[in-house]
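Protein sequences appear in the order of chains D and V.
The first sequence begins at 0 in numbering that gives the first Met the number 0 and counts up by one.
The second sequence begins at 0 in numbering that gives the first Met the number 0 and counts up by one.
These are calculated hints, taken from the structure and not from any lab test.
One or more of the hints may lead you astray.
What the hints assert, rightly or not - Heads up, simulated DMTMM-like pairs for lysine to aspartate or glutamate below, C-alpha to C-alpha not over 25 Å straight-line:
#: 1; chain 1: D; residue 1: Lys22; chain 2: D; residue 2: Glu12
#: 2; chain 1: V; residue 1: Lys261; chain 2: D; residue 2: Glu69
#: 3; chain 1: V; residue 1: Lys309; chain 2: V; residue 2: Glu202
#: 4; chain 1: D; residue 1: Lys123; chain 2: V; residue 2: Glu362
#: 5; chain 1: V; residue 1: Lys261; chain 2: D; residue 2: Glu24
#: 6; chain 1: V; residue 1: Lys309; chain 2: V; residue 2: Glu163
#: 7; chain 1: V; residue 1: Lys123; chain 2: V; residue 2: Asp207
#: 8; chain 1: D; residue 1: Lys40; chain 2: V; residue 2: Glu146
#: 9; chain 1: D; residue 1: Lys116; chain 2: V; residue 2: Glu188
#: 10; chain 1: V; residue 1: Lys203; chain 2: D; residue 2: Asp121
#: 11; chain 1: D; residue 1: Lys123; chain 2: V; residue 2: Glu146
#: 12; chain 1: D; residue 1: Lys125; chain 2: V; residue 2: Glu372
#: 13; chain 1: V; residue 1: Lys63; chain 2: D; residue 2: Glu24
#: 14; chain 1: V; residue 1: Lys179; chain 2: V; residue 2: Asp268
#: 15; chain 1: V; residue 1: Lys203; chain 2: V; residue 2: Glu188
#: 16; chain 1: D; residue 1: Lys123; chain 2: V; residue 2: Glu313
#: 17; chain 1: D; residue 1: Lys22; chain 2: D; residue 2: Glu97
#: 18; chain 1: V; residue 1: Lys168; chain 2: V; residue 2: Asp264
#: 19; chain 1: V; residue 1: Lys270; chain 2: D; residue 2: Asp121
#: 20; chain 1: V; residue 1: Lys398; chain 2: V; residue 2: Glu146
#: 21; chain 1: D; residue 1: Lys42; chain 2: V; residue 2: Asp264
#: 22; chain 1: D; residue 1: Lys40; chain 2: V; residue 2: Glu372
#: 23; chain 1: D; residue 1: Lys125; chain 2: V; residue 2: Glu362
#: 24; chain 1: V; residue 1: Lys38; chain 2: V; residue 2: Glu48
#: 25; chain 1: D; residue 1: Lys116; chain 2: V; residue 2: Glu251
#: 26; chain 1: D; residue 1: Lys68; chain 2: V; residue 2: Glu222
#: 27; chain 1: D; residue 1: Lys40; chain 2: V; residue 2: Glu403
#: 28; chain 1: D; residue 1: Lys116; chain 2: V; residue 2: Glu362
#: 29; chain 1: D; residue 1: Lys123; chain 2: V; residue 2: Glu371
#: 30; chain 1: D; residue 1: Lys101; chain 2: V; residue 2: Glu251
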Amino acid sequence: MATETVEGKEIFERRCAKCHGQKGEGADDAALVGGIGSLGKPKELRTVGSFWPHAPGVWDYVNRAMPFKEPGSMTADQVYAVVAFILNLNGLVEVQDEMNAKTLPKVKMPNRDGFVKDPRPDVKAKR
Amino acid sequence: MSSDRTRRGWIKYGAALGGLFTGCSTEPHEQSEDEGINKLGKGVGLYGERSPEQKVARLLGTNKHPEASSSTTPLDSTMGIVTPAALHFERHHAGVPALSEKDHELLLHGLVDTPLVFSIADLKRLPSASQTYFLECAGNGGREWSEKVAVDVQSGFGLASCSEWTGVKLSTLLQEAGLKAGAQWFIAEGGDTCKMHRSLPIEKGLKDVLLAYGQNGEALRPEQGYPLRLIVPGWEGNVSVKWLRQIKVVAEPLASREETSKYTDMMPDGKARQYTFAMEAKSVITNPSGGHKLTKRGYVEISGLAWTGKGRIERVEVTTDGGKRWQQAKLQEPRLPMAFTRFRFDFHWSGEEATIASRAVDESGYVQPAREELLAVRGGNSHYHFNGVKLWRIAADGKVTHVEA
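Given only the sequences and the hints, what does the whole structure look like? Please build it.
This is the structure in structure tokens:
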């Protein structure tokens with residue numbers, strides 16, 4: 000396992016797992032892993048892997064707002080490491096892939112093209 | 000005695016309105032009046048408080064983090080169109096920051112000729128504007144997407160409130176800074192620990208967005224964004240960023256977490272609609288509504304609220320027979336654009352079961368749809384922007400409940 004992913008796993012288990020589960024399966028808070036292909040279905044699971052369209056968006060959110068009670072307490076590299084670990088849990092990057100400002104935007108997220116523009120008004124009421 | 004005169008007056012007035020007061024007492028409460036009027040009351044005070052017997056309150060959401068939860072407005076207890084600031088709904092994503100008006104600054108930068116920093120005092124020196132606007136959380140009424148529809152109006156529809164907001168138009172600041180070529184969007188960011196932020200079209204920013212420091216005649220409450228928040232009229236509440244600390248003018252939206260994994264509308268085909276800002280026309284009967292009980296047959300005022308992100312409410316129709324016949328309700332004037340509109344409808348309850356509901360029509364001609372019509376198009380995974388008709392059932396014993404989906 001690459002040094003970065005090892006570091007990401009260590010950070011995740013220490014700082015994220017309590018709320019998001021040991022393998023990102025969700026606990027008190029949202030699941031981060033799984034649900035790929037479930038969007039729009041009755042048993043939908045919205046996660047980083049199934050729903051989020053851009054990997055840099057994951058970095059931005061973790062960097063900006065996580066951990067919930069101590070945001071801003073991780074270095075930029077630690078955020079890359081923990082994001083690499085989350086992406087790896089979703090099977091989207093290999094353990095040896097290094098995540099940085101250059102590589103992260105290139106990660107192919109399954110739901111990259113899952114968003115459409117607002118077509119409303121779309122519902123016509125019968126009267 | 001004056002009480003005789005009062006009593007005669009009431010009886011006469013009641014007769015003129017054709018039995019409207021059937022069931023009302025015509026005997027004044029002589030005893031309590033005597034006690035009250037001879038007991039010297041309290042003197043003047045620095046900041047008013049409501050009567051200690053008034054207990055109406057927000058209802059707290061059940062999120063395990065109270066800092067990332069919501070509280071709802073008791074819409075069936077508020078009157079007219081204004082929500083008292085203390086009862087305005089809350090939706091926080093990372094707590095209420097303790098900010099000071101003296102230290103707070105707003106940075107305006109990005110694709111502008113001159114980046115600017117404003118203190119609150121700077122903003123208060125600029126031309127001000129006051130406008131009455133509703134704010135509605137994108138998720139208000141979200142329970143209606145599921146089979147377990149809301150049982151009462153506060154828990155089900157109370158993520159909506161209406162206030163008079165005072166501040167500076169964003170257009171004033173943008174004109175001062177000067178927009179560069181390619182300025183198409185702006186990102187507003189708040190001062191909470193999640194640095195809540197949303198991308199908005201610059202066109203809307205130039206049209207009617209307000210940077211508010213006042214609410215209902217006084218400074219914003221901390222939980223409403225003190226000392227400065229954005230007010231984006233008619234659009235989902237989340238974009239009216241609280242504790243506003245920076246506005247960055249950009250060419251493209253950020254597509255950040257709040258604009259992808261949240262605040263997007265999942266459709267049955269698995270595609271999510273993005274940047275769905277406007278709140279479409281909606282109304283709900285607040286009185287009587289789920290949890291209430293009618294105690295007397297005869298006159299009942301049906302009353303509720305209607306609003307639309309597309310301007311003014313044009314018409315509200317009420318049914319008392321489950322939708323067979325719709326009749327026009329009276330609208331409180333003036334009807335303000337993108338504000339609550341109070342509607343009222345005279346109902347004579349016979350004591351038999353009745354199903355009541357309201358539907359709004361706005362000035363764009365849009366008609367509030369039935370829940371089934373909305374679900375037929377959007378499916379059940381939408382989470383946000385529910386604006387279907389809400390039914391309440393009055394049972395023969397007077398109990399008012401929701402109608403099962």
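The hints, checked one at a time:
no.	hint	in the structure
1	D:Lys22 - D:Glu12	holds (8 Å)
2	V:Lys261 - D:Glu69	holds (22 Å)
3	V:Lys309 - V:Glu202	holds (15 Å)
4	D:Lys123 - V:Glu362	holds (15 Å)
5	V:Lys261 - D:Glu24	holds (19 Å)
6	V:Lys309 - V:Glu163	holds (18 Å)
7	V:Lys123 - V:Asp207	holds (18 Å)
8	D:Lys40 - V:Glu146	holds (16 Å)
9	D:Lys116 - V:Glu188	holds (23 Å)
10	V:Lys203 - D:Asp121	holds (22 Å)
11	D:Lys123 - V:Glu146	holds (22 Å)
12	D:Lys125 - V:Glu372	holds (8 Å)
13	V:Lys63 - D:Glu24	holds (18 Å)
14	V:Lys179 - V:Asp268	violated (39 Å)
15	V:Lys203 - V:Glu188	holds (16 Å)
16	D:Lys123 - V:Glu313	holds (17 Å)
17	D:Lys22 - D:Glu97	holds (20 Å)
18	V:Lys168 - V:Asp264	violated (29 Å)
19	V:Lys270 - D:Asp121	holds (15 Å)
20	V:Lys398 - V:Glu146	holds (22 Å)
21	D:Lys42 - V:Asp264	holds (16 Å)
22	D:Lys40 - V:Glu372	holds (19 Å)
23	D:Lys125 - V:Glu362	holds (17 Å)
24	V:Lys38 - V:Glu48	holds (20 Å)
25	D:Lys116 - V:Glu251	holds (14 Å)
26	D:Lys68 - V:Glu222	holds (18 Å)
27	D:Lys40 - V:Glu403	holds (23 Å)
28	D:Lys116 - V:Glu362	holds (24 Å)
29	D:Lys123 - V:Glu371	holds (11 Å)
30	D:Lys101 - V:Glu251	holds (20 Å)
Violated hints, listed in ascending order, are 14, 18; each of the other numbered hints is respected by the structure.
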